[in-house]
Structures are given as C-alpha cells and as structure tokens.
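There are 2 protein chains.
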Amino acid sequence: MPTATPIDASADQLAAVTYNSDGLVAAIVQEHGTKDILMMAWMNADTLAETLESGRTVFWSRSRQERWAKGDTSGDRQWVREAYYDCDGDTLLFVVEQEGAGACHTGAKTCFYRSFGSGEPT
Amino acid sequence: MPTATPIDASADQLAAVTYNSDGLVAAIVQEHGTKDILMMAWMNADTLAETLESGRTVFWSRSRQERWAKGDTSGDRQWVREAYYDCDGDTLLFVVEQEGAGACHTGAKTCFYRSFGSGEPT
Numbered sequence: 004m005p006t007a008t009p010i011d012a013s014a015d016q017l018a019a020v021t022y023n024s025d026g027l028v029a030a031i032v033q034e035h036g037t038k039d040i041l042m043m044a045w046m047n048a049d050t051l052a053e054t055l056e057s058g059r060t061v062f063w064s065r066s067r068q069e070r071w072a073k074g075d076t077s078g079d080r081q082w083v084r085e086a087y088y089d090c091d092g093d094t095l096l097f098v099v100e101q102e103g104a105g106a107c108h109t110g111a112k113t114c115f116y117r118s119f120g121s122g123e124p125t
Numbered sequence: 004m005p006t007a008t009p010i011d012a013s014a015d016q017l018a019a020v021t022y023n024s025d026g027l028v029a030a031i032v033q034e035h036g037t038k039d040i041l042m043m044a045w046m047n048a049d050t051l052a053e054t055l056e057s058g059r060t061v062f063w064s065r066s067r068q069e070r071w072a073k074g075d076t077s078g079d080r081q082w083v084r085e086a087y088y089d090c091d092g093d094t095l096l097f098v099v100e101q102e103g104a105g106a107c108h109t110g111a112k113t114c115f116y117r118s119f120g121s122g123e124p125t
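Here the protein sequences come in this chain order: A and B. Using my numbering, you'd call the opening residue of the first sequence number 4 and step up by one each time. Using my numbering, you'd call the opening residue of the second sequence number 4 and step up by one each time.
Derived from the structure by calculation, the hints contain no laboratory data. Each hint should be verified, as a subset may be incorrect.
One copy or any two copies: either way a pair holds, since identical chains are not told apart in the list.
Derived EDC-like pairs: lysine to aspartate or glutamate, alpha-carbon spacing no greater than 20 angstroms straight-line [claimed, not checked]:
no. : residue 1 : residue 2
1   : K38       : E100
2   : K112      : D91
3   : K112      : D93
4   : K38       : D79
5   : K112      : E102
6   : K112      : D79
7   : K38       : E85
8   : K112      : E100
9   : K112      : D39
All of these numbers come straight from a predicted model, not from anything done at the bench.
The shape of chain A in the complex, shown without the other chains (with noise of 0.2 angstroms):
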C-alpha cells in the first residue's frame, strides 16, 4: 500500500492561494509517473489544510456541500507526491499515486475519457 507522505507548506504558500466566492479553489489531480490527468474537483482551506497535513486528497463537494475524502467510499485513494500552486493562486496541481481501478466514479482511470471530434478516447 502507498504510504501517506505530509507535505509541511509554509504559512507564506498557504497564504498565495486565493479562494473564488464560494470559498473554493480548483484542484487537478495527475498521476505520478504517467502524468495523466485523472481529475479536477474543488478544496476549501480546510480540505487543502487535511489534504497536505494527511497526504492524501481531500476535496469539498459543490453539490453535496460537505468533505469528502477521495476512496473513502470506493477505495481509490490518492496519495500526494507533489503540490503545486499557479501564478494567481487560483489553481491547485496535485500530483499523485493513485489507488485501486481509477479516479473516475465510472470506473474509468482518468475522468477525462471521451474526446471532442471523432478520435478514439485514450
């Protein structure tokens, strides 16, 4: 089983990330080693906080409007490699191993599994 590693992020860092007017920031999720992108979902300081301090990532959901802790009801659990943080703040980039089958709720690997135009999906 991958192991938690916490990532101790300086109160400066914290501070450079901005949150939009519902409180949130937006935050890709890539794989570590393939470096697909396997997701994007939302933080608030408190999941970012959890996320960083427990090395796996926590998100909040807009539609739900509570925490949730990704593979806590699937078991495909991400655990932090990296984070990163874009020039204004606004975006999050978390790169990750990633657990079980996939980071899609569909049972795919990545979210991202349909394309624009008549190319087969990857």
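Use these hints to put chain B onto chain A, whose structure you have.
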C-alpha cells in the same frame, strides 16, 4: 511553425459540456509530449467552439470579461492536438503544442512553478 488541426466536434459532444452560472467551463492545458500541465483557464461556449474550429486555444477572461486568444499578445500560441471533456462535462482538457517560451504570463513554462513544502519547484 506548428499547424492548426481543427477538431470537428459533434453536437452530442458539445451538448455534454456543462457551464457554471457564469456560463463558463474550466479548461486544463497539458503539453503534448512532456504531459506537463501548463495552465488552467476558462472558456464559454463561443470560445470553446472557436478553439475547436481554429485549432488554437481561446479563453474567456473573467477579470476583463473578454475573449482572449492565447498568444495573440505574447506569441506563445497553443496548438490543439487532442481535446477531452470529463465525466460530468464541467472540465475540459486540451493537449497542445506550446509555441514560444511557455504558457505563463510570468515567463515560466508552466503556471504551476511553485510547490507547497520545502521541495524545489520544478
């Protein structure tokens, strides 16, 4: 110079895209080849259509409330090679050839040049 490769999206594919209350959808941009994540920005239905038809990324600026075609000012254009939409249609993924120095307005290759923790940024 890279060439434009328009993507002929079907009506069903475009109808699967869902927009937020501002009429916007999040668009992740990943570099073809390296699979580095370059940036995240927003599109409305018009700039998504223009992106697919022109083969270059075109976004909607929330701060300026106007259309912007990536690279029109900087020359750092992005040429779309693959385009995906996620399981619930509210996030897009564009795999692009990045022209010029990079995607970030700071001059960095990627907007995600700062990491949480004491690790070195990539």
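Structure-based check of each hint:
1. Taking the closest pair of Cα atoms, K38 and E100 come within 20 angstroms of each other both inside a single copy (10 angstroms) and across two copies (16 angstroms).
2. Taking the shortest alpha-carbon separations for K112 and D91, only the inter-copy value of 15 angstroms comes in at or below 20 angstroms, while the best intra-copy value is 29 angstroms.
3. Only between protomers do K112 and D93 lie at most 20 angstroms apart by alpha-carbon distance; the minimum there is 18 angstroms, versus 26 angstroms within a single protomer.
4. In this assembly of identical chains, the alpha carbons of K38 and D79 lie at most 20 angstroms apart only when taken from the same copy (17 angstroms versus 23 angstroms across copies).
5. Proximity of K112 and E102 under a CA criterion of 20 angstroms is satisfied intra-copy only: 10 angstroms inside one chain copy versus 30 angstroms between copies.
6. For the homomeric pair K112 and D79, the shortest alpha-carbon distance inside one copy (10 angstroms) is at most 20 angstroms, but the shortest distance between copies (32 angstroms) is not.
7. Both within a single protomer and between protomers do K38 and E85 lie at most 20 angstroms apart by alpha-carbon distance, with minima of 12 angstroms and 15 angstroms respectively.
8. Proximity of K112 and E100 under a CA criterion of 20 angstroms is satisfied intra-copy only: 12 angstroms inside one chain copy versus 24 angstroms between copies.
9. In this homomeric assembly, K112 and D39 come within 20 angstroms of each other (Cα to Cα) both inside a single copy, at 9 angstroms, and across copies, at 19 angstroms.
When the structure is compared with the earlier hints, no violation turns up for any of them.
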